[in-house]
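Protein chains in written order, with my numbering: chain A, 15 to 128; chain B, 913 to 1025.
Rather than coming from a laboratory, the hints here were simulated on the basis of the structure.
No residue lacks a Cβ here, since even glycine has one placed at the ideal position from N, Cα and C.
Treat each hint with caution, since some may be false.
Claimed, not checked - Cross-link-like lysine-lysine pairs, in silico, BS3-like; alpha carbons within 25 Å at most: (1) A/K55 <-> B/K970; (2) A/K34 <-> B/K1012; (3) B/K954 <-> B/K983; (4) A/K28 <-> A/K69; (5) B/K1012 <-> A/K78; (6) B/K969 <-> A/K112; (7) B/K969 <-> B/K1012; (8) A/K28 <-> A/K78; (9) B/K1012 <-> A/K80; (10) B/K1012 <-> A/K69; (11) A/K69 <-> A/K112; (12) B/K983 <-> B/K970; (13) A/K28 <-> A/K80; (14) B/K949 <-> B/K983; (15) B/K969 <-> B/K934; (16) A/K55 <-> B/K954; (17) A/K55 <-> B/K934; (18) B/K934 <-> B/K970; (19) B/K954 <-> A/K112; (20) B/K954 <-> A/K34; (21) B/K949 <-> A/K112; (22) A/K34 <-> A/K78; (23) B/K969 <-> B/K983; (24) A/K55 <-> B/K949; (25) B/K1012 <-> B/K934; (26) B/K949 <-> B/K1012; (27) A/K28 <-> B/K954; (28) B/K949 <-> B/K970; (29) A/K69 <-> A/K34; (30) A/K112 <-> B/K1012; (31) A/K80 <-> A/K69.
Claimed, not checked - Here are a few chain A residues that sit away from chain B, every Cβ distance over 12 Å (derived from the structure): (32) V18; (33) V25; (34) I26; (35) S32; (36) Q52; (37) G67; (38) S68; (39) K80; (40) L88.
This is what each chain is made of:
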Amino acid sequence: GAVVSQHPSRVICKSGTSVKIECRSLDFQATTMFWYRQFPKQSLMLMATSNEGSKATYEQGVEKDKFLINHASLTLSTLTVTSAHPEDSSFYICSASKPSDTQYFGPGTRLTVL
Amino acid sequence: GENVEQHPSTLSVQEGDSAVIKCTYSDSASNYFPWYKQELGKGPQLIIDIRSNVGEKKDQRIAVTLNKTAKHFSLHITETQPEDSAVYFCAASIGTSYDKVIFGPGTSLSVIP
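Given these sequences and hints, build the entire structure.
Here you go:
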C-alpha cells in the first residue's frame, strides 16, 4: 500500500505559461500533502504543506502567488506554477501522509521552461 | 530550527563491501528518523526508519542506528550490490511529527562491480 502518483512525469512549456501538476494518493486517504522542489545534485526543499480543505502553508521564500496549491480532496493535490520562467525549471516531487504516519513520495515531475 | 548534516557526500565501495552513511541533527525534540533512496529521475523511496524509543533497527542488508544523546544516526548497508547505487538521504522529524521532516544533503553511493 501507500502509493502516490504524479502527473505528468515530464512537461516542457514556454516562458509565461502556467503548468499544473497533479499528485494523487492511490490507496489511502492523505490528510496532508507536501510539495518539494529539487535542483540537480541537491536535496529536497520543502515548498509547502497542504491539508485537505484548507489553505496551504508555504515555506519562507516560496511565493504563494506563483506556486498555487489546491488540496481539494483526501486523495488529490495540485501544484500550479503560474507564469513560469526558465528559473522555475526543476524536479517537483509531492508526498502524502496520513495521521501519525510517514510521508510517501510520488515519482516526481520534471518541469522544463523554455 | 532543525538542521541535518550528512557525510560523506559521495561514497564508492566495491561490490560485497559495506557502506556507512552518517547524519547528525540539531533538534533534541526530533523523534523520527527515516532514510530514503533516490534513483536518478525518480522520487525518494523510504528504505528504513527508526523512532527514538529504539537504538537500532535492521531489515535484511540494511540497518540503522540512533544515538539520541549525541544526536546522530547512521545507515549501514552490508553486502552491497550494484543496484544499491543511488543517492541516499537521511531525514529528521521537525519536533515530534512523523510526517514533516528536514532532509540531509544526500550521499551519492556508487557500488563498483
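Comparing the hints with the structure gives:
{"no.": "1", "hint": "A/K55 <-> B/K970", "verdict": "violated (28 Å)"}
{"no.": "2", "hint": "A/K34 <-> B/K1012", "verdict": "holds (24 Å)"}
{"no.": "3", "hint": "B/K954 <-> B/K983", "verdict": "violated (30 Å)"}
{"no.": "4", "hint": "A/K28 <-> A/K69", "verdict": "violated (28 Å)"}
{"no.": "5", "hint": "B/K1012 <-> A/K78", "verdict": "holds (19 Å)"}
{"no.": "6", "hint": "B/K969 <-> A/K112", "verdict": "holds (23 Å)"}
{"no.": "7", "hint": "B/K969 <-> B/K1012", "verdict": "holds (21 Å)"}
{"no.": "8", "hint": "A/K28 <-> A/K78", "verdict": "holds (21 Å)"}
{"no.": "9", "hint": "B/K1012 <-> A/K80", "verdict": "holds (23 Å)"}
{"no.": "10", "hint": "B/K1012 <-> A/K69", "verdict": "holds (17 Å)"}
{"no.": "11", "hint": "A/K69 <-> A/K112", "verdict": "holds (18 Å)"}
{"no.": "12", "hint": "B/K983 <-> B/K970", "verdict": "holds (19 Å)"}
{"no.": "13", "hint": "A/K28 <-> A/K80", "verdict": "holds (16 Å)"}
{"no.": "14", "hint": "B/K949 <-> B/K983", "verdict": "holds (22 Å)"}
{"no.": "15", "hint": "B/K969 <-> B/K934", "verdict": "holds (15 Å)"}
{"no.": "16", "hint": "A/K55 <-> B/K954", "verdict": "holds (13 Å)"}
{"no.": "17", "hint": "A/K55 <-> B/K934", "verdict": "holds (18 Å)"}
{"no.": "18", "hint": "B/K934 <-> B/K970", "verdict": "holds (16 Å)"}
{"no.": "19", "hint": "B/K954 <-> A/K112", "verdict": "holds (22 Å)"}
{"no.": "20", "hint": "B/K954 <-> A/K34", "verdict": "holds (19 Å)"}
{"no.": "21", "hint": "B/K949 <-> A/K112", "verdict": "holds (21 Å)"}
{"no.": "22", "hint": "A/K34 <-> A/K78", "verdict": "holds (14 Å)"}
{"no.": "23", "hint": "B/K969 <-> B/K983", "verdict": "holds (16 Å)"}
{"no.": "24", "hint": "A/K55 <-> B/K949", "verdict": "holds (14 Å)"}
{"no.": "25", "hint": "B/K1012 <-> B/K934", "verdict": "holds (21 Å)"}
{"no.": "26", "hint": "B/K949 <-> B/K1012", "verdict": "holds (18 Å)"}
{"no.": "27", "hint": "A/K28 <-> B/K954", "verdict": "holds (24 Å)"}
{"no.": "28", "hint": "B/K949 <-> B/K970", "verdict": "holds (16 Å)"}
{"no.": "29", "hint": "A/K69 <-> A/K34", "verdict": "holds (17 Å)"}
{"no.": "30", "hint": "A/K112 <-> B/K1012", "verdict": "holds (11 Å)"}
{"no.": "31", "hint": "A/K80 <-> A/K69", "verdict": "holds (15 Å)"}
{"no.": "32", "hint": "V18", "verdict": "violated (8 Å)"}
{"no.": "33", "hint": "V25", "verdict": "holds (14 Å)"}
{"no.": "34", "hint": "I26", "verdict": "holds (15 Å)"}
{"no.": "35", "hint": "S32", "verdict": "holds (23 Å)"}
{"no.": "36", "hint": "Q52", "verdict": "violated (9 Å)"}
{"no.": "37", "hint": "G67", "verdict": "holds (17 Å)"}
{"no.": "38", "hint": "S68", "verdict": "holds (15 Å)"}
{"no.": "39", "hint": "K80", "verdict": "holds (22 Å)"}
{"no.": "40", "hint": "L88", "verdict": "holds (15 Å)"}
Hint compliance for this structure: hints 1, 3, 4, 32, 36 are broken, all remaining hints hold.
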